Amino acid sequence: MGERVRIGFITQWYSPEPGAAAHPTAVANALVDAGHEVTALTSFPNYPTGRFLDPRPRRPLRRETVDGVRLTRVLHYPSHDDSAAKRIASYMSFAASTTAFTAALAGCDVCLVYCTPATVAIPAVVLNALAGVPFVLYVQDLWPDSVTASGFVSNPRGNHFMARQLSRYCNGIYRRASAVVGISPAMSDLLRARGVDEHKVATVYNWVDESVFKPAPRSNSDSSRFELMYAGGIGEVQGLENAIEAMNALRDRDDVRLTFVGRGVAEPGLRRRVAELGLEHSVRFCPPRTTADMAGVIASADAQLVSLRGDSFLATTLPSKLQASMACGAPIICAAPGAAAQLVAQAHAGIAVEPDRPSALAGAIAGMAAASKEKRAVMGRNGLAYYNRNLSRSVGAARLADILARACADRRPNILKRTTRESWYG
Numbered sequence: 001m002g003e004r005v006r007i008g009f010i011t012q013w014y015s016p017e018p019g020a021a022a023h024p025t026a027v028a029n030a031l032v033d034a035g036h037e038v039t040a041l042t043s044f045p046n047y048p049t050g051r052f053l054d055p056r057p058r059r060p061l062r063r064e065t066v067d068g069v070r071l072t073r074v075l076h077y078p079s080h081d082d083s084a085a086k087r088i089a090s091y092m093s094f095a096a097s098t099t100a101f102t103a104a105l106a107g108c109d110v111c112l113v114y115c116t117p118a119t120v121a122i123p124a125v126v127l128n129a130l131a132g133v134p135f136v137l138y139v140q141d142l143w144p145d146s147v148t149a150s151g152f153v154s155n156p157r158g159n160h161f162m163a164r165q166l167s168r169y170c171n172g173i174y175r176r177a178s179a180v181v182g183i184s185p186a187m188s189d190l191l192r193a194r195g196v197d198e199h200k201v202a203t204v205y206n207w208v209d210e211s212v213f214k215p216a217p218r219s220n221s222d223s224s225r226f227e228l229m230y231a232g233g234i235g236e237v238q239g240l241e242n243a244i245e246a247m248n249a250l251r252d253r254d255d256v257r258l259t260f261v262g263r264g265v266a267e268p269g270l271r272r273r274v275a276e277l278g279l280e281h282s283v284r285f286c287p288p289r290t291t292a293d294m295a296g297v298i299a300s301a302d303a304q305l306v307s308l309r310g311d312s313f314l315a316t317t318l319p320s321k322l323q324a325s326m327a328c329g330a331p332i333i334c335a336a337p338g339a340a341a342q343l344v345a346q347a348h349a350g351i352a353v354e355p356d357r358p359s360a361l362a363g364a365i366a367g368m369a370a371a372s373k374e375k376r377a378v379m380g381r382n383g384l385a386y387y388n389r390n391l392s393r394s395v396g397a398a399r400l401a402d403i404l405a406r407a408c409a410d411r412r413p414n415i416l417k418r419t420t421r422e423s424w425y426g
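For the sequence shown, the numbering used here assigns the number 1 to the initial residue and increments by one for each residue that follows.
What the hints contain is simulated information worked out from the structure, not anything from laboratory work. A hint or two may mislead.
Stated by the list, open to error - Quick list of the computed label-pair ranges, beta carbon to beta carbon:
| id | residue 1 | residue 2 | range |
| --- | --- | --- | --- |
| 1 | F52 | A103 | 18 to 26 Å |
| 2 | R406 | D189 | 19 to 27 Å |
| 3 | A345 | F285 | 24 to 32 Å |
| 4 | H199 | F285 | 24 to 32 Å |
| 5 | G68 | G278 | 23 to 31 Å |
| 6 | P217 | R51 | 26 to 34 Å |
| 7 | A370 | R168 | 45 to 53 Å |
Keep in mind it's a predicted model, so treat the numbers as computed, not measured. Just so it is clear, CB atoms sit at the ideal spot from N, CA and C, and this is done for glycine as well.
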């Protein structure tokens, strides 16, 4: 282990929140396990309901230590609904609250910013200006791409204006960061293309909880039927209507079945489409399972489906389901753009096809069903080996720790004078 580093960690999401909080919590825990001191500045738990989970009276700030991580929780306006105004208020109020309490991180050697949303970087910029603490951006989704493509602002002119302003803001924080970390090579390439200094850019894949997601014995006794599974959030961005249409193309195949495990806003529409097409015999929906059960759930199927729409802003994204499937040693059918498909191909972990093409997906399903059990097992082993070499907790945490240690050299005690002379937008 290298020198112990005092790391400030800024994230809007943290345990015990489900879903989005799993990885930032895992990052903090991994850095502590590596021997570093981590102080996190985060919110009171409120995801995904938008209501605070803690029933106790709330003060503006609360300090606690969880699994060796020193947490400073701050109040903000929580919202996770479809209202653009409320979401903006949520993002900006968190940025304001954390900025007001940046003194909690003033003694740190370096800050790691879990950059989703991008506004989380504001307190790090302020801390850098006032105390000279360098910061590293761990970019989870690219702004303004993810904001504009999601229809966050419905008015085209308003969307264009927001994209322009967010681009200027992001370019500003990229310049001031000591390092900018992307979660896929494609994201890192795009950051370079947008002018981020080549020497600042690095790639660290997100990992999964390897105590949960690991190979498990096959539990499905129906060996006569090929079972493809999609386990996870059933949202619009996943483009799962293409999987329904692919199964319609295979409707005469009694030996193939698609199983959805999960819930989401797109589920009612998918159920209606299955009923319209009369596919109840080959498509089924199952309720979500606990995280602790997921290795067994994944093992009950012959292959896992990873699906995303073909939108350009998703081309740099690696959905966590991909890492989970690889860590479990499951063969994968990937109907997603860019980084996800490239990773499956590089790992020889399954079959990758273009997104939004039901006919191509139907061909991939038929091909995977026709493959021998041994061939599918080889795909699964390939994916697991690739995950262990490149995406695992030990690899990712070591890379992050090295990046943070090198960033410590950028501490500048007199940065305030220089920053105030500069225009934010350069």
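Going through the hints against the structure:
1. F52 - A103: 18 to 26 Å: Roughly 24 Å apart at Cβ, these two residues keep to the hinted range, so it holds.
2. R406 - D189: 19 to 27 Å: For D189 against R406, whose Cβ atoms are near 21 Å apart, the range 19 to 27 Å holds.
3. A345 - F285: 24 to 32 Å: holds, 30 Å
4. H199 - F285: 24 to 32 Å: violated, 49 Å
5. G68 - G278: 23 to 31 Å: With a Cβ separation near 55 Å, G68 and G278 fall outside 23 to 31 Å, so the hint is violated.
6. P217 - R51: 26 to 34 Å: violated, 40 Å
7. A370 - R168: 45 to 53 Å: Holds - the Cβ-Cβ distance for A370 and R168, about 52 Å, lies within 45 to 53 Å.
Consistency note: the structure conflicts with the earlier hints numbered 4, 5 and 6.
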